[in-house]
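Residues 1 to 540 in this note's numbering are what the sequence shown lists, from first letter to last.
Derived by calculation from the structure, the hints in this document are not laboratory data. Treat each hint with caution, since some may be false.
[Claimed, not checked] The calculated lysine-lysine pairs, modelled on DSSO-like cross-linking and capped at a C-alpha distance of 30 Å, are:
hint, residue 1, residue 2
1, Lys209, Lys295
2, Lys300, Lys169
3, Lys538, Lys450
4, Lys169, Lys294
5, Lys496, Lys122
6, Lys440, Lys87
7, Lys116, Lys269
8, Lys208, Lys169
9, Lys208, Lys116
10, Lys417, Lys440
11, Lys122, Lys295
12, Lys122, Lys169
13, Lys496, Lys538
14, Lys300, Lys454
15, Lys122, Lys538
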Amino acid sequence: MKFLKAKFFNGNSDKDLYRLAFFTIVLYIISIFYNLQVAPLYSEEPRRALVALEMLLNNNFIVTTLLDETFYDHPPLWNIVLAGSLKVFGYNLFALRFPSAFSLLLTGVLTYFMGKTYIDQKFGILSALYYLVCADLYFYFSVTAEIDIFYSLLVVLSLFSIFHFYQRKQFYLLFGCAYFFITLAFLTKGFASFAFVVITLLAYFHYKKDFKRLFSLPHILFGLLSVAAVGLYFYIYGLYEDVHTYISEMWGLTSQRTLLGRKIGSLIKHIFILPLNFLGVLFPATLFLLFLWKKELIKKIRANPYLVFLAITFVANFAIYLVSPGARIRYTYMFFPIAVSILAYPMYMQMGTIDWRNRTYHSFFQVLMAIFAVVCFSIPFIPFFSIVPHFSYTAPFFGIVLITIFFLHRKFIGFSKHLLIINFIIVCRLVFDHVALPIKSLTSSSAPHKIYAKEIQQITGNEASIFVFSQEHIRNHDQVPFRFYETAAYLELWRKELVTKTQQCEREGYYVFNVDNLEGRKPLYSFTIGDVDLALVKIE
């Protein structure tokens, strides 16, 4: 270890620190894209995939469909992004998941830019990296085709525009960028998006005693342009489908998460649980609470305009989620870079101090490094992992890497010590990518849908029509046979042909029936989703 330290990295010079930071960033980028395509589609991914695929197959980027039936859901921007990724990377799972992982990376870059500009470069690097390795984002949502990280990026761009251009007194850019990005956010997830910019403008301008700015020409101009853009979208939508039903359904999606759609008992429970969950999924930044409780540090936070803006923005907007019992943690992802930056500052100011706080923080990670190294060395001897043969020699390699990080971490202090913690978490993600995702592809409850699709494709080929026979409304997509959409996502991905829901059996092709509705028809293929038996039938 002394040789490594002497020859390659002495832990003291800025040049070596930035070299380690660069290496960390490169390793991080590898980690978020490695094996991204391996796990089967799960949760809401198949639905997102179907909507994006059907945009391409129908050549309609305004009206969303599911099994070729109008699906009154969120506006189409995220689905357009997924469709664009499919065109760039091909019709595969990597293409579906790339936008979410890339959006996380872009949010990290934005966090770095703001931290560097308004505090300093090292703070920008650490705040961005600690945001990028937040547990819920890094180990779960960045591996999916879900909407929330992309949506959060748009909201954060809007909010940061307010502070950045206010500092420069560039008010046309302030309101222009704030409303531009929040309009894109509306086109991603609907009406609730505008609450972020309205609440933040009110709270921040009240703090700055500059309320008159809300009545200025730039604000009125770009506010009206944003309203006009929304109106234009609904007008275009109305050329294809019933816009009144669409608006009603979209508003329903928003209101069901608020107090409007919940009982008071659920509100009280939610007020206590949401903050605890939020802090939990911020890990490892949660541990920065150790460094917070010093009066002089609170004063330094209050003296920094950027941190004050972040605090005002967080408190004003998070309060809305506290009184919205339907809000889930993933709806709060736009607050992650804000909260991490606030929490990271006291840690950053005490980074070089040797006290109980730093000892506790770093000792905790020393223990984790040792435990995870032992786990990696143990994998070859655990029968469960034998389902993927190469683990027997690749897992110990990760164990050696973790041991190396363990000893390097013991040698250094300050900035480099934190970078080594980030590297430890990145290696854990690489182990997750390398071990957990391949196992998930074999053992997940979602894995059979891929098998069903492959076997159905072998029967139908790539050109014959496939229909799903059902009398159910498309909104009841959790009911069988609509759980078939998880299988249909693969069929559309591979065949590049629509799978169509129908209430009639008038056209030639292959039909998926609930076996209770077969009426004497002979099944070509039988399978089970949930506790319901389904069958594939050919009608000529």
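Going through the hints against the structure:
For the hint pairing Lys209 with Lys295, the CA-to-CA distance comes to about 26 Å; that is within 30 Å, so the pair holds. For the hint pairing Lys300 with Lys169, the CA-to-CA distance comes to about 24 Å; that is within 30 Å, so the pair holds. As the CA atoms of Lys538 and Lys450 are separated by approximately 21 Å, the hinted pair is consistent with the 30 Å bound. Between the alpha carbons of Lys169 and Lys294 the distance comes to roughly 33 Å, so the proposed pair goes past 30 Å and is violated.
Distance hint between Lys496 and Lys122 is unfulfilled; the C-alpha atoms sit about 48 Å from each other, more than 30 Å. Note on Lys440 and Lys87: the hinted pairing holds, with a Cα-Cα distance of about 27 Å set against a maximum of 30 Å. A distance of roughly 39 Å separates the Cα atoms of Lys116 and Lys269; the hinted pair therefore is violated under the 30 Å criterion. Among the hinted pairs, Lys208 with Lys169 is consistent with the structure: their alpha-carbon atoms are about 13 Å apart, no more than 30 Å.
Taking the CA atoms of Lys208 and Lys116, the gap is about 23 Å. The hint holds against a cut of 30 Å. Taking the CA atoms of Lys417 and Lys440, the gap is about 33 Å. The hint is violated against a cut of 30 Å. For the hint pairing Lys122 with Lys295, the CA-to-CA distance comes to about 23 Å; that is within 30 Å, so the pair holds. Proximity of Lys122 to Lys169 is assessed by CA-CA distance (about 26 Å); at most 30 Å being required, the pair is judged to hold.
This hinted pair checks out: Lys496 and Lys538 have alpha carbons roughly 20 Å apart, not beyond 30 Å. Distance restraint check for Lys300 and Lys454: the Cα-Cα separation of roughly 60 Å exceeds the 30 Å cut-off, and the hinted pair is therefore not satisfied. Proposed proximity of Lys122 and Lys538 is contradicted: the alpha carbons are some 64 Å apart, above 30 Å.
Taken one by one, the earlier hints fail for this structure at numbers 4, 5, 7, 10, 14 and 15, listed in ascending order.
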